[in-house]
Amino acid sequence: MKLAAHILGLALALSATVAACGAAATLALGSNKLSAGNAAVSSCGVSSLSATRKASNAGTVTEVDVPSIPSACAGATLSLTLVGPGGAALGNANATVPAGGGTLVFTSFGATVLATNLLSYSFAVVGP
Amino acid sequence: MRKLLLALLGLTAIGGSVGFAATLSVGSGHLWSGSQTLTKGTCTLTGTSVTSDTDVNQLSGNGTNGGSTTMMVLPFSGFAREAFVSFDLSSCNIPSTGGADSATLSLHITNAPSSSRTIDVTPVLSSWSESLTWNLLSGLTFGTRTAQFSTGTTSDVTKTVTVTGDVDQQIKTGSVYGWRLSDSGSNSFNATTFATSESTTASSRPVLTINYEK
Numbered sequence: 001m002k003l004a005a006h007i008l009g010l011a012l013a014l015s016a017t018v019a020a021c022g023a024a025a026t027l028a029l030g031s032n033k034l035s036a037g038n039a040a041v042s043s044c045g046v047s048s049l050s051a052t053r054k055a056s057n058a059g060t061v062t063e064v065d066v067p068s069i070p071s072a073c074a075g076a077t078l079s080l081t082l083v084g085p086g087g088a089a090l091g092n093a094n095a096t097v098p099a100g101g102g103t104l105v106f107t108s109f110g111a112t113v114l115a116t117n118l119l120s121y122s123f124a125v126v127g128p
Numbered sequence: 001m002r003k004l005l006l007a008l009l010g011l012t013a014i015g016g017s018v019g020f021a022a023t024l025s026v027g028s029g030h031l032w033s034g035s036q037t038l039t040k041g042t043c044t045l046t047g048t049s050v051t052s053d054t055d056v057n058q059l060s061g062n063g064t065n066g067g068s069t070t071m072m073v074l075p076f077s078g079f080a081r082e083a084f085v086s087f088d089l090s091s092c093n094i095p096s097t098g099g100a101d102s103a104t105l106s107l108h109i110t111n112a113p114s115s116s117r118t119i120d121v122t123p124v125l126s127s128w129s130e131s132l133t134w135n136l137l138s139g140l141t142f143g144t145r146t147a148q149f150s151t152g153t154t155s156d157v158t159k160t161v162t163v164t165g166d167v168d169q170q171i172k173t174g175s176v177y178g179w180r181l182s183d184s185g186s187n188s189f190n191a192t193t194f195a196t197s198e199s200t201t202a203s204s205r206p207v208l209t210i211n212y213e214k
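Line by line, the protein sequences are chains A and B. For the first sequence, this note's numbering puts the final residue at 128, and the numbers step up evenly by one. For the second sequence, this note's numbering puts the final residue at 214, and the numbers step up evenly by one.
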């Protein structure tokens, strides 16, 4: 009787595992959920962002300012990428948008970036 | 039976948490991305229409020298002279949101000193004109020295220094008004003479070259 209970338990556990994986797969592929996500994944009021940068006498980027961030983005993370020739990322920075939005000032980019190599900025705002 | 129930409960919990986590990652927060492309260009400034330059003379405290074809730097106490040069950037059409990627100032030495001197290039943070005098210097403010160069002892040579940070600031704030050229070395009657924008030799006039972004 004890042996039978163990066998039955293993069989049920195996079934449950298969069922659980199936359920997870069903959730991930649920296209209705993703379509409905259009409403949930909005821009917190950002329609465009621009940046200005300061250069040292040696020609390196010392500061990048990103102004006019909407207050609705407070708490979101703004990711800035300094892009160079060929689309190469020359440097990156992240910061949390403060209450009230406004201007974010970045002074560290993970690498020394020459202003002459800087061709564009890429921005991403995620959350909150 | 108890083991059976525990196994079932555990597996059910795992399956449930997988589905719950996926729902959170899809449905949370806001998302926006974009980019800004910069335009690069070069602007070269020289000549009287875009350049102001002069020197001031300690010996003649109220004297002006804005119309001269040369300007002198002399570190001799009582007779000291300092030169000033600035450029009007408006013809470059760089907005205040732009900036200097690199900038150089070129100065032509028409008469070199008999022994080499070191010239300090210091940004001027107050407005001045070609009517500047020695006695008006006390009303000016200056930034931190940007560059130095050695004059050497050979005349008719051009010296070029990097002034990127100053020009970048001038573009953004308009609060840099060119540079003072001075000799802070030992007391000496060794003068260095530079060509001004009024020089009859066009290639000897001061030149500001800006590689910019906007």
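The reader is advised that the hints may include incorrect statements.
[What the hints assert, rightly or not] Heads up, incomplete: computed chain B residues facing chain A, CB under 10 Å, no partners named:
(1) His30
(2) Ser102
(3) Gln169
[As the list claims (entries may be wrong)] EDC-like, lysine to aspartate or glutamate: derived pairs with alpha carbons at most 20 Å apart:
(4) B:Lys214 <-> B:Asp88
(5) A:Lys54 <-> A:Asp65
(6) B:Lys172 <-> B:Asp120
(7) B:Lys159 <-> A:Asp65
(8) B:Lys172 <-> B:Asp88
(9) B:Lys172 <-> A:Asp65
(10) B:Lys159 <-> B:Asp120
(11) B:Lys214 <-> A:Glu63
(12) B:Lys214 <-> A:Asp65
(13) B:Lys172 <-> A:Glu63
(14) B:Lys40 <-> A:Glu63
[What the hints assert, rightly or not] Restraint-style ranges between C-beta atoms, simulated for each label pair:
(15) B:Ser127 <-> A:Leu114: 55 to 61 Å
(16) A:Thr103 <-> B:Phe189: 51 to 57 Å
(17) B:Ser90 <-> A:Asp65: 22 to 28 Å
(18) A:Ser71 <-> B:Pro95: 23 to 29 Å
(19) A:Ser48 <-> B:Thr144: 24 to 30 Å
(20) A:Val105 <-> B:Leu59: 46 to 52 Å
(21) A:Ser48 <-> B:Ala202: 22 to 28 Å
None of these hints come from the bench; they were simulated from the model. Just so you know, these numbers come straight off a predicted model, no measurement behind them. Beta carbons: idealized from backbone N, C-alpha and C, even for Gly.
Sort out which numbered hints this structure fails and list those numbers smallest first. The structure conflicts with hints 6, 7, 15, 19 and 21, although it agrees with all the remaining ones.
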